[in-house]
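Colleague: Make a model of the complete structure from these sequences and hints.
All residue numbers for the sequence shown refer to my numbering, where the first residue is 3 and numbers rise by one.
Hints should not be assumed to be uniformly reliable.
Said to hold, decoys possible - Label pairs and their in silico Cβ distance ranges:
id: 1; residue 1: ALA160; residue 2: ASN312; range: 44 to 50 Å
id: 2; residue 1: GLY310; residue 2: ALA124; range: 51 to 57 Å
id: 3; residue 1: ARG33; residue 2: SER131; range: 46 to 52 Å
id: 4; residue 1: SER195; residue 2: SER142; range: 48 to 54 Å
id: 5; residue 1: GLY316; residue 2: THR262; range: 18 to 24 Å
id: 6; residue 1: LYS225; residue 2: SER245; range: 28 to 34 Å
id: 7; residue 1: GLU193; residue 2: THR143; range: 34 to 40 Å
Stated by the list, open to error - Calculated cross-link-like contacts (lysine-lysine; reagent style DSSO-like; alpha-carbon spacing at most 27 Å):
id: 8; residue 1: LYS37; residue 2: LYS47
id: 9; residue 1: LYS250; residue 2: LYS152
id: 10; residue 1: LYS52; residue 2: LYS152
id: 11; residue 1: LYS62; residue 2: LYS50
id: 12; residue 1: LYS264; residue 2: LYS138
id: 13; residue 1: LYS138; residue 2: LYS37
id: 14; residue 1: LYS352; residue 2: LYS221
id: 15; residue 1: LYS152; residue 2: LYS62
id: 16; residue 1: LYS235; residue 2: LYS264
id: 17; residue 1: LYS221; residue 2: LYS47
id: 18; residue 1: LYS37; residue 2: LYS62
id: 19; residue 1: LYS37; residue 2: LYS152
id: 20; residue 1: LYS52; residue 2: LYS37
id: 21; residue 1: LYS29; residue 2: LYS264
id: 22; residue 1: LYS352; residue 2: LYS235
id: 23; residue 1: LYS340; residue 2: LYS273
Read the hints as simulated data drawn from the structure, not as lab findings. Don't be surprised by glycine CBs; every beta carbon is placed ideally from N, CA and C.
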Amino acid sequence: MQSEIQTLDKNLAKSKASKQELYQQLKQQSRSISKLNRQLVTLEKELKQKAKELILLGQKQSSQQQSHTQQIDALFNQIRTAYIQSQPSYIKILLSQNNPATLARSTTYYRYFHQARQQQLAELEQSLSNLTEQQKQLFSTQKVQQQLHKQQQQQQLALQQQTQQRQSTLALLETKISSQDAQLVSLREEEQSLHNLLQSLNAAPKSKVIEQKAATKQKSFSKRRGALTWPVKGKLLARYGSSRNLGKLTWKGIMIAAPTGKDIVASAPGKVVFADWLRGFGLLMIIDHGDQYMTLYGNNETLLRQAGDNVSAGELIAQSGVQSMHKHAGLYFEIRHKGSPTNPLRWLSKKS
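Modeller: Spelled out as structure tokens, the structure:
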């Protein structure tokens, strides 16, 4: 029997080590996926901005060219008129009642007017030249960005492979914790892991958060009850306090259905204090709102903000992820006060 116990202990130790290794793989794969997606989002924004700038420059150049044509036409008419007036016949002067001196003054006036018009044309030519140079620079920048975008797309193929690897890793983990008892133990370990993280975050100095709130004169989080922005719009898959069908465990937050890659926004202004992978919560973002209030956004595919970033209500912070280990696809959202969970539905605004 002692021999069998020793064998079982060894197998259990190997299984635990194997499970921890799988969790580490899942962590690294999730981080890589988030990083690549974040780079793609940034690059696509830059490409759109450069395309807008090119359109505006094109419109400006078209307007300048039209003005250039009008200036040339006006100059042609002036030259023609001046030529006619500066070349009068002797009989015309004799028969006309105009003083030759007046004609001379008129000719001089046209000459100055032509010079001014030529100066305007020269300035317009220079302006058109500058516009062309700007367009060349923009085209060059756009070309570089398109090359980068192509590289990113190649990386996205690698991303898809990593996603498949992650799904395989998830499948292996689900196999290892398939029994109800194992799932219960795993969930309790995950909750303890989150509890430890929140304790460490609450223990950190809050002076910067308080200074920021005081400087911006923002409404405190406690006064936003019933008016918080929904982090994502979707069907509720799990409600706060409902059973998780595993022992006496209940949901400490809510699950909101969302397709992969959907934008996730901050529910209230605050400071990002955690943005990384956490066992059981996937890529997790935690925002500190001061007065010991925090919001948690879990099961993301991409984190678009980093720890230390200040965010405003409704600001894009992440993109929703694929189906998590606990058979739910969408965003996991919690609100905590002094480390204890509170019902998010009492804080979020009424759905429109």
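Colleague: For every hint, state whether the structure bears it out.
Modeller: Against the structure, the hints:
The given range of 44 to 50 Å is broken by ALA160 and ASN312, whose C-beta atoms sit roughly 32 Å from each other. The beta-carbon spacing between GLY310 and ALA124, approximately 53 Å, falls within the hinted interval of 51 to 57 Å. Range check, ARG33 to SER131: Cβ separation about 49 Å, and the 46 to 52 Å hint holds. Taking 48 to 54 Å as the suggested C-beta distance range, the pair SER195 and SER142 conforms, at roughly 49 Å.
Roughly 21 Å separates the CB atoms of GLY316 and THR262, a value that falls within the hinted 18 to 24 Å. At roughly 32 Å, the beta-carbon separation of LYS225 and SER245 lies within the given 28 to 34 Å, and the hint holds. For the hinted restraint 34 to 40 Å between GLU193 and THR143, the CB-CB distance of approximately 49 Å leaves it violated. Note on LYS37 and LYS47: the hinted pairing holds, with a Cα-Cα distance of about 16 Å set against a maximum of 27 Å.
Proposed proximity of LYS250 and LYS152 is contradicted: the alpha carbons are some 50 Å apart, above 27 Å. For the proposed pair LYS52 and LYS152, the alpha carbon gap of about 16 Å is at most 27 Å, so the pair holds. The suggested pairing of LYS62 with LYS50 holds, with an alpha-carbon distance near 19 Å, which does not exceed 27 Å. Simply put, LYS264 and LYS138 have alpha-carbon atoms about 36 Å apart, too far for the 27 Å limit, and the pair is violated.
The hinted pair formed by LYS138 and LYS37 fails the criterion: a straight-line CA distance of about 32 Å is larger than 27 Å. Taken as a hint, the LYS352 and LYS221 pair is honoured in the structure, with Cα atoms around 19 Å apart against an allowance of 27 Å. For the given pair, LYS152 sits about 30 Å from LYS62 by alpha-carbon distance, which is inconsistent with the 27 Å threshold. Taken as a hint, the LYS235 and LYS264 pair is honoured in the structure, with Cα atoms around 10 Å apart against an allowance of 27 Å.
With a C-alpha separation of about 31 Å, the suggested pairing of LYS221 with LYS47 is violated against the 27 Å cut-off. Between LYS37 and LYS62, the direct Cα distance comes to roughly 38 Å. Violation of the 27 Å bound is thereby established for this hinted pair. Of the pairs offered as hints, the one joining LYS37 and LYS152 holds, with about 16 Å between alpha carbons and a cut-off of 27 Å not exceeded. Taking the CA atoms of LYS52 and LYS37, the gap is about 23 Å. The hint holds against a cut of 27 Å.
For a cut-off of 27 Å, the pair hint linking LYS29 to LYS264 stands: about 21 Å separates their Cα positions. At most 27 Å may separate the alpha-carbon atoms for a hinted pair to count; LYS352 and LYS235 meet this at roughly 11 Å. The straight-line distance between the Cα atoms of LYS340 and LYS273 is roughly 16 Å, inside the 27 Å bound, and the hint therefore holds.
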